[in-house]
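Trainee: Each chain, written out:
2 protein chains.
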Amino acid sequence: MQTWKDYQEKNKDKFLNELLELLRIPSVSARSEHKKDMQACAEALKTRLLEAGADKVEIYATAGHPVVYGEKIIDPSKPTVLVYGHYDVQPADPLNLWHSGPFEPVIKDGKIFARGACDDKGQVYMHVKAFETMSKTNTLATNIKFLIEGEEEVGSPNLATFVKENKALLKSDVILISDTALISLDTPSMDVGVRGLSYIEVEVTGPNRDLHSGVYGGAVANPITILAKMIASLHDENNHITIPGFYDDVVEATTAERKLMAEAPFSEEEYKKDLGVNELWGEKGYTTNERTGIRPTLELNGIWGGYTGEGAKTVLPSKAYAKISCRLVPNQGSDKITEILINHLKKIAPPYIQIKAELHHGGEPYMTPIDSKGYKAAAKAIETTFGKQPIPVRGGGSIPICALFEKELGVKIIFMGFGLDSDNLHSPNEKYDLANYYKGIETIPYFHKYFAEQ
Amino acid sequence: MQTWKDYQEKNKDKFLNELLELLRIPSVSARSEHKKDMQACAEALKTRLLEAGADKVEIYATAGHPVVYGEKIIDPSKPTVLVYGHYDVQPADPLNLWHSGPFEPVIKDGKIFARGACDDKGQVYMHVKAFETMSKTNTLATNIKFLIEGEEEVGSPNLATFVKENKALLKSDVILISDTALISLDTPSMDVGVRGLSYIEVEVTGPNRDLHSGVYGGAVANPITILAKMIASLHDENNHITIPGFYDDVVEATTAERKLMAEAPFSEEEYKKDLGVNELWGEKGYTTNERTGIRPTLELNGIWGGYTGEGAKTVLPSKAYAKISCRLVPNQGSDKITEILINHLKKIAPPYIQIKAELHHGGEPYMTPIDSKGYKAAAKAIETTFGKQPIPVRGGGSIPICALFEKELGVKIIFMGFGLDSDNLHSPNEKYDLANYYKGIETIPYFHKYFAEQ
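Order-wise, the sequence lines are chains A and B. Counting along the first sequence from 1, when you hit position 208 you're at 208 in UniProt numbering, and nothing is skipped either side. Counting along the second sequence from 1, when you hit position 109 you're at 109 in UniProt numbering, and nothing is skipped either side.
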């Protein structure tokens, strides 16, 4: 019988070329003009899952973008692993900062450059190829189900309904997700938590039309100035968020956990150098890893108003806008924080302007225990292929659907990510190292093997 | 001999149609793609000036957009009036707020809607048609020179050189400008001053690339947040500008002037209603008219950074930008204020970010006395056609070249504007009332007559 290693070695180029094909589809969920691309991407995945050995693959329509479901049931009495991932990607702009087309993947210095290379097409596709490896070598030890959605980057607005309506279909013993990072190939790690999210958009209206800034300037509130003042007030001089009630439900990390976090390898100098900043910023009293892991945040994701073109226009604009998102930690509730945030903005809005604020999307924070069967199987798989035990870390990102999965399906979620923080997720020049891609494909079959053995 | 009134009555439609043709040329000086339109607009003016009776018209190339010069010298011993105006217009965006195309003029409710209808094509063209009236009826009492530039809306960067190099050509006894407003046709007024300008652009850079706001948020300074904090700090709780030295050179208006200003008809309720705001905003201790007339201001003309498209993108952007302009009053110097402003921004920039700030354009404030020959001739002309003496007021806008004109050519500038503050200058749906257009054409010949008689 062919070994996993043999099979993967022989199919190395095929594994890569298929991923590149997938990356060529601009499946941007946030933009309505990509509706057809979303369908095309779902169909490509269906084809690949069937080729890899799935018994059955269906594309389910939703109120938004379709969900791809596939399965191979080898024996109903054996444990079932549900692999969750997403085929949608973040918008690619600002396009002018990409060194090559976001949907024209190129390999450079051992890295695949393309939107979605890591987040999450590359990581999803590792599972398809790991499944193929087990399937083609007749070594699949678990039943396997795939749930690959098309709306993760816009907050999974329709997945909850799908999950609630398809509990039997999705019945499983563990949910496995590769949509996070590890510290490095030398220092493997596994996320034990993801942060929640509350993402809103704010519109501030001053005068009912754009005005000449000479004729009216100084006498009518400028919505940009007012919005800036409102934003400026959201963090105090210690970069602590000032919104009353914001921290009420935060479960402080234990001294033991903070001590463990401090032991993970981290060089502030390298971090600053990589980002090109002279000084780091953040909430007083917490380290960088704590700020991105165990603390909630409030970030401005976008701002616009007035004249933003070439040259000068002396306008006092009617409107200014901002996109603001908070990352949440246990036990902050997304709905509650959204309400607190929107109400606070309305409360601090001065009478000179009118304000509208509304939710884009949200998601709950999620923590997974490190003593579950799934966590242990994943840690052992990583130890097998990396030669080292993974360090448990708290991830800064969000996978909005996690809390709902556990609630509706009653199983734990395991985050076995193979990306790197430096993969430029959501940024120009997103990349995924070939070494990480292949390492994932190599490691995942061991997860199934060890999970079945427990 | 035909009277002015007869000639104008007979040519009413022609006067309008020719203006509409001029308004169809998208002569946006700030946008490089309109370079050809600028030339076309200059040539159209040349043709019209010659038709109106000019002896000579030249289009002078500059380092930027061309200058149109025309003249009719009836007798070198007679006084010469130099009419200054501009054929360039502000950018038309945001386009979606226009009810009809900005360069497809329409007449509705007795008003011409188009970019440049009032500022300044409509007002310049009144002078061309007033000149035609005098020329065709053989009643021109002064020599007349036209200087119509194409860069007023971008700060007249090349006009100073042209003026300095062509002092003999531009020799005159008074400069007449229609690029301001009057209170109303019932309450005529004349501007006795225009504010200066200092217009800069600021770029704040945080990390060297756009980052995932989950992975890095909370640990790296967000340039939008920092820029907002910097902007917020520029006005104190009394909406007084906080930049050290900003007010140092301001000549406070006298109690007498403030008393006179307070007597001009003004309804705060109507002003608020027209603008759709519940409360006015501005520097404590000053009235609305004082805030826009005798006080310097600092306004945000534009802001942008991060994701500004449809939906949500969880990005911590690398850069954020703002366009900021100050209106200046006597004796503030544009260069000095620009320097103070840029240095202040650099000083308050925290070490987490890098800042670039640079001048877009500037211009000096200008005041004209009310006892000059030109002012008296204009006031008498207005009294003749309006039946009322004009009220002297301080305008809020800027005509950057005024101070230079006086310095280089040694003559006073007279502002005889026929627009209205509600003409949506620099805004969507700019308009010019037909009644004001024709009133200007009716009034201007009297200026020439009275100026010649003095």
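Where hints are given, some of them may not hold.
It does not matter which identical chain is used: a pair holds within one copy or between any two.
Calculated cross-link-like contacts (lysine-lysine; reagent style BS3-like; alpha-carbon spacing at most 25 Å) [claimed, not checked]: (1) Lys36 - Lys284; (2) Lys272 - Lys346; (3) Lys407 - Lys388; (4) Lys229 - Lys284; (5) Lys273 - Lys347; (6) Lys356 - Lys229; (7) Lys273 - Lys10; (8) Lys167 - Lys108; (9) Lys273 - Lys356; (10) Lys272 - Lys229; (11) Lys164 - Lys272; (12) Lys388 - Lys36; (13) Lys14 - Lys272; (14) Lys347 - Lys229; (15) Lys284 - Lys407; (16) Lys10 - Lys72; (17) Lys229 - Lys346; (18) Lys273 - Lys164; (19) Lys136 - Lys347; (20) Lys346 - Lys273; (21) Lys171 - Lys108; (22) Lys356 - Lys380; (23) Lys167 - Lys272; (24) Lys72 - Lys273; (25) Lys259 - Lys10; (26) Lys272 - Lys356; (27) Lys347 - Lys272.
What the hints contain is simulated information worked out from the structure, not anything from laboratory work.
Trainee: Since the copies are identical, ignore which copy is meant and state whether Lys164 and Lys272 lie within 25 Å (CA to CA) inside a copy, between copies, both or neither.
Mentor: neither (44 Å within a copy, 52 Å between copies)
Trainee: Classify it for me, Lys356 with Lys380: is the Cα-Cα distance of at most 25 Å met within a copy, between copies, both or neither?
Mentor: Neither, since 50 Å and 51 Å both go past 25 Å.
Trainee: How do Lys273 and Lys164 come out at 25 Å by Cα distance, when the copy is not named: within, between, both, or neither?
Mentor: neither (46 Å within a copy, 51 Å between copies)
Trainee: State whether the alpha carbon distance between Lys136 and Lys347 is at most 25 Å within one copy, between copies, both, or neither.
Mentor: neither (61 Å within a copy, 65 Å between copies)
Trainee: Within, between, both or neither: how does the pair Lys259, Lys10 come out at a Cα-Cα threshold of 25 Å?
Mentor: neither (44 Å within a copy, 91 Å between copies)
Trainee: When Cα atoms must be at most 25 Å apart, do Lys388 and Lys36 count as within-copy, between-copy, both, or neither?
Mentor: Neither way: Lys388 and Lys36 sit 44 Å apart in one copy and 67 Å across, limit 25 Å.
Trainee: Between Lys167 and Lys272, at a C-alpha cutoff of 25 Å, which is it: within one copy, between copies, both, or neither?
Mentor: neither (46 Å within a copy, 57 Å between copies)
Trainee: Evaluate Lys10 and Lys72 at a C-alpha cut-off of 25 Å and name the case that applies: within, between, both or neither.
Mentor: Close inside one copy (23 Å), not across copies (89 Å); limit 25 Å.
Trainee: Pop the pair Lys72 and Lys273 into one bin, within, between, both or neither, using alpha-carbon distances up to 25 Å.
Mentor: For Lys72 and Lys273, neither the intra-copy (46 Å) nor the inter-copy (68 Å) Cα distance is at most 25 Å.
Trainee: For Lys272 vs Lys346, is the C-alpha pair at or below 25 Å within one copy, between two copies, both, or neither?
Mentor: Result: close only across copies, 21 Å inter versus 36 Å intra.
Trainee: Within a copy, between copies, both or neither: where do Lys346 and Lys273 come within 25 Å Cα-Cα?
Mentor: Close across copies (22 Å), not inside one copy (39 Å); limit 25 Å.
Trainee: Measure nothing new, just compare the shortest in-copy and cross-copy C-alpha distances for Lys284 and Lys407 to 25 Å and report within, between, both or neither.
Mentor: neither (35 Å within a copy, 56 Å between copies)
In this structure, the earlier hints numbered 1, 3, 7, 8, 11, 12, 13, 15, 18, 19, 21, 22, 23, 24, 25 are contradicted, and the remaining ones agree with it.
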